[in-house]
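Model the full structure from these sequences, guided by the hints.
Given next are the chains, with one letter for each unit.
Number of protein chains: 2
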Amino acid sequence: MLIVKAGGGPGINWDGLAADLVEARGREETVLIHGGNAVRDALAARLGVPVRRVVSPSGVASVVTDKDALDVFLMAYPGLASTGIVAGLRRRGLDAVGLSGVDGGLWRAKAKREIPVREGDKTKLLRGNRTGRVEAVEARLLQVLLRAGYLPVLCAPALDEDGLIVNADNDTAAAATAAALGAETMVFLFEAPGFLSDPDDPGSRVAEIPAAEIESRLPSARGGMARKLIAVSRALARGVRAVYFGDGRAARPLRDALAGRGTVFR
Amino acid sequence: MLIVKAGGGPGINWDGLAADLVEARGREETVLIHGGNAVRDALAARLGVPVRRVVSPSGVASVVTDKDALDVFLMAYPGLASTGIVAGLRRRGLDAVGLSGVDGGLWRAKAKREIPVREGDKTKLLRGNRTGRVEAVEARLLQVLLRAGYLPVLCAPALDEDGLIVNADNDTAAAATAAALGAETMVFLFEAPGFLSDPDDPGSRVAEIPAAEIESRLPSARGGMARKLIAVSRALARGVRAVYFGDGRAARPLRDALAGRGTVFR
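Those protein sequence lines, which keep their order, are chains W and F. When we follow numbering that gives the first Met the number 0, the leftmost residue of the first sequence carries the number 0, and every step to the right adds one. When we follow numbering that gives the first Met the number 0, the leftmost residue of the second sequence carries the number 0, and every step to the right adds one.
Be careful, since some hints might not be right.
Unchecked claim - So the derived label-pair ranges between C-beta atoms look like this: (1) R146(F) x R112(W): 50 to 56 Å; (2) G127(F) x P9(W): 32 to 38 Å; (3) A135(F) x V50(W): 39 to 45 Å.
Said to hold, decoys possible - Which chain W residues stay away from chain F? Per the calculated CB distances, all over 10 Å, these: (4) V21; (5) G78; (6) G83; (7) R89; (8) K121; (9) D161; (10) S215; (11) I229; (12) A236.
Bear in mind the hints are in silico, worked out from the structure with no lab data behind them. A virtual CB, placed ideally from N, CA and C, is assigned to each residue, including glycine.
The structure is reproduced here in structure tokens:
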């Protein structure tokens with residue numbers, strides 16, 4: 000089984016990815032997980048709801064989600080992004096079904112109502128946050144749909160311990176989903192050639208990173224990349240055999256990534 | 000099988016409806032279809048996108064959907080409304096899965112890119128419209144989910160003949176869905192005690208309307224009610240045995256409607 004996580008940037012080549020997904024599904028069961036941050040950011044600007052980015056004490060970037068931001072998130076991810084992606088994939092011959100982590104209780108998150116954030120030299124505790132980390136996956140709905148021949152297309156939100164809707168990181172959720180489904184292979188596609196040893200130099204792609212070396216790469220990761228590396232590390236620890244990073248802007252993004260043209264983690 | 004269509008008004012008693020759905024599912028397979036117009040109208044106002052209401056030459060009210068309005072529709076229906084409803088039903092013990100008519104190719108609509116509208120005494124042709132009427136239902140996805148024990152929760156949009164996303168009336172789509180699934184019973188819940196012979200008088204509820212008399216009731220129907228009557232008429236003609244209108248604001252909306260406390264159509 001193959002889990003593909005496509006980023007939410009505006010440059011992702013959905014035509015090429017759709018063609019690759021048609022191929023992949025000929026070989027094995029496939030689940031697509033997608034982001035939507037470009038759509039979310041544009042909508043937040045239009046609604047005048049600020050996207051508040053913070054950095055944890057350990058250096059991992061994330062977005063604070065209050066009630067207003069959660070509403071914008073729902074409009075953007077399951078609303079605009081997912082519906083558009085599913086319709087686009089269907090036009091390209093894929094029998095896609097769009098789901099959020101709420102459906103069938105798929106993604107169960109541990110709520111992070113208070114989050115420590117770094118501001119300059121200080122660490123502050125931020126309250127009223129509506130995010131969570133996906134820690135359990137109820138895989139049955141995915142299994143039912145895969146068995147019936149559908150392509151499940153997933154994105155956040157998730158549900159927390161009290162059944163409340165929370166924003167959740169799609170990379171972390173993708174790793175948990177791969178582990179729960181017993182997937183052998185994961186692919187992360189985003190707007191870069193792979194993992195870069197220098198985030199400012201697109202020529203600094205690292206072709207292969209053994210699992211044991213992932214932690215040492217964290218200091219040179221920026222923004223969401225640190226969280227991606229942690230997700231990769233967890234996926235490998237929980238039975239996924241290989242994880243691939245690849246350039247979502249390529250003509251055939253998934254095929255290239257699986258051919259090792261990005262970064263391979265084992 | 001039972002198909003329940005719940006309106007998108009702010010007064011629908013979702014707690015009571017959830018309790019009734021738990022009961023109903025003990026008796027028979029159930030599909031929930033919902034609106035979202037209150038959420039849509041509030042969001043359209045906030046975004047400064049006007050909700051443009053028109054009346055067809057035959058007197059049926061509808062909303063014009065240009066590209067901007069379609070985006071607002073997607074944010075409101077599959078985004079905010081569906082995700083919130085599914086999470087709420089799950090907290091009340093229902094294993095709900097949210098879908099739009101796009102998923103699994105569920106709702107196939109005939110696009111109405113140009114629509115005739117009445118303006119005073121004149122009829123004009125309005126172009127660039129992104130709505131359609133659901134004329135075919137690909138029921139397989141619903142059957143797969145029902146067989147696996149889930150409660151499917153559906154709303155527009157649909158896909159047109161070219162696979163493009165179109166706004167579609169949920170009442171019409173509900174009737175087509177009931178026919179495609181071979182459902183015996185349909186219930187429409189909204190913010191009124193049932194069909195009113197005088198739309199301004201809540202005391203004018205009509206307890207029973209034979210199928211043959213539906214057409215004669217059209218002139219006294221206002222707003223979306225005319226479209227509901229046409230949907231009822233189609234559902235009965237296509238094999239649904241009884242259709243119930245009921246007050247979605249009641250303590251037990253579905254139970255009351257099925258007990259004949261609204262309007263019964265046979």
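### Hint check, failures only
1, 2, 5, 6, 7, 9
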